[in-house]
Every structure is written in structure tokens, then in C-alpha cells.
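Now for the letters of each chain:
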Amino acid sequence: MTHPSSALDDTIHQRVRLGILAVLSESRRADFAYLKDVLEVTAGNLSQHLAILEEAGHIQIAKAFEDKRSRTWVTVTRRGRAALASEVATMRALLDGLGSGQRP
Amino acid sequence: MNADEARESLAFSEYARKRAREDMGRPWLALVLLASLSVVSLSLTDAATSPTGLFWAFVGPVGAGAIALYAYRRNRASGIDSSPLAYVAITVGLLILSYTAGKIGFAFQIPAVARFGPAFVAAAGYFALAWIERSWTVAAIAFSLLAITVAIIGFDLSPQQSKALVFGLYGITLLAVGFSLRLGRRQLL
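Line by line, the protein sequences are chains W and P. Each residue of the first sequence is one higher than the last, beginning at 1 in the working numbering. Each residue of the second sequence is one higher than the last, beginning at 1 in the working numbering.
Hints should not be assumed to be uniformly reliable.
Unchecked claim - Computed beta-carbon distance windows for the label pairs:
#1 GLU22/P x LEU95/W: 21 to 29 Å
#2 LEU95/W x VAL92/P: 37 to 45 Å
#3 ALA139/P x ASP96/W: 56 to 64 Å
#4 THR42/W x GLU8/P: 18 to 26 Å
#5 LYS36/W x LYS18/P: 47 to 55 Å
#6 SER158/P x ASP37/W: 36 to 44 Å
What the hints contain is simulated information worked out from the structure, not anything from laboratory work. Even glycine gets a Cβ: it sits at the ideal position worked out from N, Cα and C.
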């Protein structure tokens, strides 16, 4: 028998990375500056989180040159969407278990 | 991660999700829907070749196109991009349903369906959009349209009075959504 928390994905089991996937799952794509603003993180911090998610295949990053400025667009992959849905469901189940007095 | 951290992470991801929805400026989709349905409703109550019918047949699509272009450019500038495909499908679907409702009323000589069918279909469309968007504003529009249509039937208002009421609601809605877009733009800037 495995502990329920073993279903949690270490790659996205983090506040900022969950936030990145939540924003991207609602949209077609978001740019670096927007994510930095919404998630209230520094550029360096955000870059690190994006690199981890990209390496895991949860997001795709594309750089473009628009209106005389460089823009970094981030898109969630199908795998990323599935991982987010699974993570949120697992966390809710664990919290529900705690609420009903069970030990998770 | 303990329970408090898990709750905080879930709350944060929910906040991020809602913020993204708001920033994508989806009210323009309601506007596109509204503009398109105005054309259908008005063209069904007026003769297609009357000056009013011709006016709306031209101004409606042009206005809807202009709003869509504005919303697309605004989304790109804000740094978050949404796919309008689902909303285009909803708009086209409702146009067909609304038009069909009016035509059925005319074909089977049922004046009530010919007059009020498109408005009921439009209200149903707005309720669907409100549910998709989780938007109380769109739900309020749907409810107002439904209430006005029921009032028109209940008080047996003349076609002129009915048109004035429905047209007034459209006007107020356009102004309200336009105002909310302006507020949203100020927040972005």
C-alpha cells in the first residue's frame, strides 16, 4: 500500500510552478513579463522555475522578436495540463482526508 | 509540504487562474455575441430591406469585427493570449439557432415564436457563456434579456414598445461592457 502523497508530482509540487501552470492552462500562451508580474517573482527565480517545467515536458518556451523587442512566450503542453489537474486533485483529496480526520 | 502550505498553494493557483481569465479581456466575446445577435433580432423584426435592417446588416458585422480586432491586439499587448475559437463557435451556433427560431415562427405562422424566439435563444446563449466564464455580469445580461422578453409577453406590449425595450437593453449592455473594457485597460496601463 502506497501513501497518498506519493501521487504528488515533485516537479510541479511547488507554489510558483503550480501558479505558472494554472495561468497557462487558462490561456493559449503567456509571456515572461506577464508571468513575472502575476506570480510576483524575480526574473531569475521565474527563469529557474520555467527551466524545470520545460525540462519535464510540462511547458514549451518560444522566443520571438515583436515590435522591436524580444518576447518570450510560454505555452503549456498536454502533459503539463494533465499534471496540473492530477496534482490539484491529489492535493484536494489529501486535504479532504485531513478535514475528515483521516491521517494522509 | 504541510496542510497549510498545500492550502496556500491551491489558493495561489486559483488566484493565478482567475487573474489570467480577467486579464484575457474576455468581455469582448460577449460584445461580439451581442453585436451579432442584435443584427439577427433586429433583422427578424424589421423587413430585411428596410433602412433599419440594412443599417444593422452593415454596422453589426463591422462593429463586431472592430471589437474582435481591438480585443486581439489588447490581449497581445497585455502578454496573455487566449484562443477565440470556442467563442467564435458559440457565436456562429447561436446565430444559426436564433435565425432558425425566427424562421420557424414565420414558417408556422406563430407570431410569438417569430418575435420572441431569437431573444430567448440569445438569453440561453448568454446563460451558457456565463457558466463557461463563471461571470455574474454575463449572467445578469442573460437574466435581464429573459426578464424583458417575459415582460413584453406578459404586458402584451406593441412591437414598437417591445423593440424599444430590447434595443434599450442592448444599448445599456454595450455601454456597460465598453466601460468595463476601459476600466480593464486603465488597470493594464
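Here is how each hint holds up against the structure:
1. GLU22/P x LEU95/W: 21 to 29 Å: Since GLU22/P and LEU95/W have Cβ atoms about 26 Å apart, the given range 21 to 29 Å holds.
2. LEU95/W x VAL92/P: 37 to 45 Å: 42 Å, holds
3. ALA139/P x ASP96/W: 56 to 64 Å: Between ALA139/P and ASP96/W, where Cβ atoms are some 29 Å apart, the hint is violated.
4. THR42/W x GLU8/P: 18 to 26 Å: Holds - the Cβ-Cβ distance for THR42/W and GLU8/P, about 20 Å, lies within 18 to 26 Å.
5. LYS36/W x LYS18/P: 47 to 55 Å: 18 Å, violated
6. SER158/P x ASP37/W: 36 to 44 Å: 53 Å, violated
This entry does not satisfy hints 3, 5 and 6, going by the numbered hints stated previously.
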